[in-house]
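Turn these sequences into a full structure, and let the hints guide you.
Going by our numbering, the letters in the sequence shown line up with residues 2 to 370, in that order.
Be careful, since some hints might not be right.
SDA-like cross-link-like pairs, simulated, lysine to any residue; straight-line CA separation at most 20 Å [as the list claims (entries may be wrong)]:
| # | residue 1 | residue 2 |
| --- | --- | --- |
| 1 | Lys156 | Thr211 |
| 2 | Lys156 | Glu346 |
| 3 | Lys116 | Ser66 |
| 4 | Lys212 | Ile242 |
| 5 | Lys257 | Asn278 |
| 6 | Lys11 | Ala37 |
| 7 | Lys11 | Val23 |
| 8 | Lys116 | Ser47 |
| 9 | Lys116 | Lys208 |
| 10 | Lys57 | Leu107 |
| 11 | Lys57 | Pro95 |
| 12 | Lys156 | Phe18 |
| 13 | Lys5 | Ile24 |
| 14 | Lys57 | Ser47 |
| 15 | Lys89 | Asp42 |
| 16 | Lys116 | Val78 |
| 17 | Lys117 | Asp42 |
| 18 | Lys116 | Ala181 |
| 19 | Lys156 | Val23 |
| 20 | Lys89 | Leu72 |
| 21 | Lys57 | Ala37 |
| 22 | Lys57 | Lys5 |
| 23 | Lys312 | Glu346 |
| 24 | Lys116 | Pro95 |
| 25 | Lys257 | Glu246 |
| 26 | Lys116 | Lys156 |
| 27 | Lys208 | Val190 |
| 28 | Lys57 | Val115 |
| 29 | Lys32 | Leu72 |
| 30 | Lys5 | Glu111 |
| 31 | Lys257 | Arg284 |
| 32 | Lys116 | Tyr59 |
In short, the hints are calculated from the structure, not lab data.
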Amino acid sequence: MEIKVHFLDKLRLEAKFDDFTVIADQPIRYKGDGSAPGPFDYFLASSALCAAYFVKLYCDTRNISTENIRLSQNNIVDPENRYQQIFKIQVELPEDISANDRQGILRAIERCSVKKVVQAGPEFVIEEVKNLDADAQALLALKPSLNTNTYIAGKDLPLEQTIANMSAVLANLGIKIEIASWRNLIPNVWSLHIRDAHSPMCFTNGKGSTKESALASALGEYIERLNNNHFYAGVFWGEEIANSEFVHYPNERWFKLGCKDELPADILDEYCLTIYNPDGELRGSHLVDTNSGNAQRGICCLPYIRQSDGKTVYFPSNLIENLYVSNGMSAGNTLAEAQVQCLSEIFERAVKREILEGEIALPDVPQEV
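So this is what it looks like as structure tokens:
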């Protein structure tokens with residue numbers, strides 16, 4: 002997580018991260034005004050709050066009331082070394098909580114992330130830079146060596162080169178990707194959560210059998226969503242964009258609503274109309290683009306290429322957003338690789354739907370398969 006600090010008046014400091022702002026000050030005895038907690042106070046509070054969070058999580062999953070649970074933390078300082086401290090966390094539990102749950106609550110506190118990071122001993126790297134925003138990929142701690150080539154079946158470039166290429170694309174756009182979390186709960190299964198350090202709502206998840214393949218998965222999904230404006234789907238983009246030269250893509254076309262709210266003649270094709278308008282009830286106003294909300298401008302459509310004959314079919318952006326969301330989005334080292342991934346995802350979800358709707362019991366797959 003990127004935290005940017007601004008220097009305020011006297012000894013006051015302002016830290017900004019995600020959508021939050023935290024003010025810190027120093028006590029009067031240290032020449033501050035005592036107007037806010039000090040940085041170390043926030044650190045101590047983070048440990049206590051983290052412990053309480055895991056208590057709350059444990060209790061909520063078991064329908065245990067936290068109304069009469071109390072938790073406190075005290076730090077005991079070594080008189081000969083003030084940096085050597087004991088954090089003593091105490092929790093007061095009501096009598097009606099069972100012995101098993103008492104032990105469970107104590108074990109839950111042991112899971113505190115702050116505690117685990119402190120115990121592991123974080124490494125601090127302190128350096129001078131010319132521009133804080135210059136190295137857009139500085140937060141990607143995992144940087145595979147380009148001297149190693151890991152090939153995955155179905156991919157057109159080695160894993161290491163794929164990561165380098167995607168990182169370069171994002172860096173050139175000034176997007177600062179940070180890895181928010183890693184998970185490796187079972188052997189050979191990795192997952193991670195990445196996001197834009199400056200806009201945390203822009204995030205993706207990746208998974209793979211190695212750290213590198215999981216990172217490539219996450220970066221690929223990020224580029225997919227970026228290419229398709231998916232990070233901001235489902236929200237109104239404002240009047241300026243609604244009336245700009247284009248809303249989604251430069252090659253989009255707008256079609257005026259027909260007489261009596263009929264569908265324009267040049268959108269979709271006969272095959273699509275049998276799917277989306279089988280009973281003739283679909284009206285033009287149903288297909289107004291939701292991101293721009295500009296009904297007067299008409300129906301915003303994007304050009305899709307019909308693979309059977311290469312003809313362009315104009316699809317309303319409204320249909321794509323409402324029915325398909327991210328299904329069919331893809332990114333790849335080559336066009337063919339992206340097409341394979343896109344079709345694979347569509348087939349995968351179609352099969353999943355058949356299984357769920359048909360209540361099909363899947364057979365056991367032999368180990369040798």
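Results for each hint:
A C-alpha spacing of about 16 Å is found between Lys156 and Thr211, which places the hinted pair at or below 20 Å, so the restraint holds. Our distance criterion of 20 Å between C-alpha atoms is met by Lys156 and Glu346, whose separation comes to about 15 Å. As the CA atoms of Lys116 and Ser66 are separated by approximately 25 Å, the hinted pair breaks the 20 Å bound. Proposed proximity of Lys212 and Ile242 is contradicted: the alpha carbons are some 39 Å apart, above 20 Å.
Restraint check: the Cα-Cα separation between Lys257 and Asn278 comes to about 18 Å, which is no more than 20 Å; the hinted pair holds. A distance of roughly 13 Å separates the Cα atoms of Lys11 and Ala37; the hinted pair therefore holds under the 20 Å criterion. Under the criterion of a C-alpha separation no larger than 20 Å, the hint pairing Lys11 with Val23 is consistent with the structure, at around 16 Å. For the given pair, Lys116 sits about 10 Å from Ser47 by alpha-carbon distance, which is consistent with the 20 Å threshold.
Restraint check for Lys116 and Lys208: the C-alpha separation of about 26 Å exceeds 20 Å, so the hint is violated. The straight-line distance between the Cα atoms of Lys57 and Leu107 is roughly 12 Å, inside the 20 Å bound, and the hint therefore holds. Using a Cα cut-off of 20 Å, the hinted pair Lys57 and Pro95 holds, with the two alpha carbons roughly 14 Å apart. The straight-line distance between the Cα atoms of Lys156 and Phe18 is roughly 37 Å, outside the 20 Å bound, and the hint therefore fails.
With a C-alpha separation of about 12 Å, the suggested pair Lys5 and Ile24 falls inside the 20 Å cut-off, and the hint holds. A C-alpha spacing of about 15 Å is found between Lys57 and Ser47, which places the hinted pair at or below 20 Å, so the restraint holds. At roughly 15 Å between alpha-carbon atoms, Lys89 and Asp42 fall within 20 Å of each other, so this suggested pair holds. For a cut-off of 20 Å, the pair hint linking Lys116 to Val78 stands: about 17 Å separates their Cα positions.
A threshold of 20 Å between alpha carbons decides the hint, and for Lys117 with Asp42 the separation of about 19 Å falls inside it, so the pair holds. Straight-line distance between C-alpha atoms of Lys116 and Ala181 comes to about 17 Å, which keeps the hinted pair within the 20 Å bound. For the hint linking Lys156 to Val23, the alpha-carbon distance of about 45 Å lies beyond 20 Å, and the restraint is violated. This hinted pair checks out: Lys89 and Leu72 have alpha carbons roughly 11 Å apart, not beyond 20 Å.
Between Lys57 and Ala37 the alpha-carbon distance is near 27 Å, which puts this suggested pair outside the 20 Å criterion. Pair hint Lys57 plus Lys5 does not hold up; C-alpha atoms about 30 Å apart against a cutoff of 20 Å. A threshold of 20 Å between alpha carbons decides the hint, and for Lys312 with Glu346 the separation of about 23 Å lies outside it, so the pair is violated. Note on Lys116 and Pro95: the hinted pairing is violated, with a Cα-Cα distance of about 25 Å set against a maximum of 20 Å.
Restraint check: the Cα-Cα separation between Lys257 and Glu246 comes to about 16 Å, which is no more than 20 Å; the hinted pair holds. About 41 Å separates the Cα atoms of Lys116 and Lys156, which puts this hinted pair outside 20 Å; it is violated. Taking the CA atoms of Lys208 and Val190, the gap is about 7 Å. The hint holds against a cut of 20 Å. For the given pair, Lys57 sits about 16 Å from Val115 by alpha-carbon distance, which is consistent with the 20 Å threshold.
Simply put, Lys32 and Leu72 have alpha-carbon atoms about 32 Å apart, too far for the 20 Å limit, and the pair is violated. With a C-alpha separation of about 30 Å, the suggested pair Lys5 and Glu111 falls outside the 20 Å cut-off, and the hint is violated. Of the supplied pair hints, the one linking Lys257 and Arg284 holds, its CA atoms being roughly 12 Å apart against a limit of 20 Å. Among the hinted pairs, Lys116 with Tyr59 is consistent with the structure: their alpha-carbon atoms are about 17 Å apart, no more than 20 Å.
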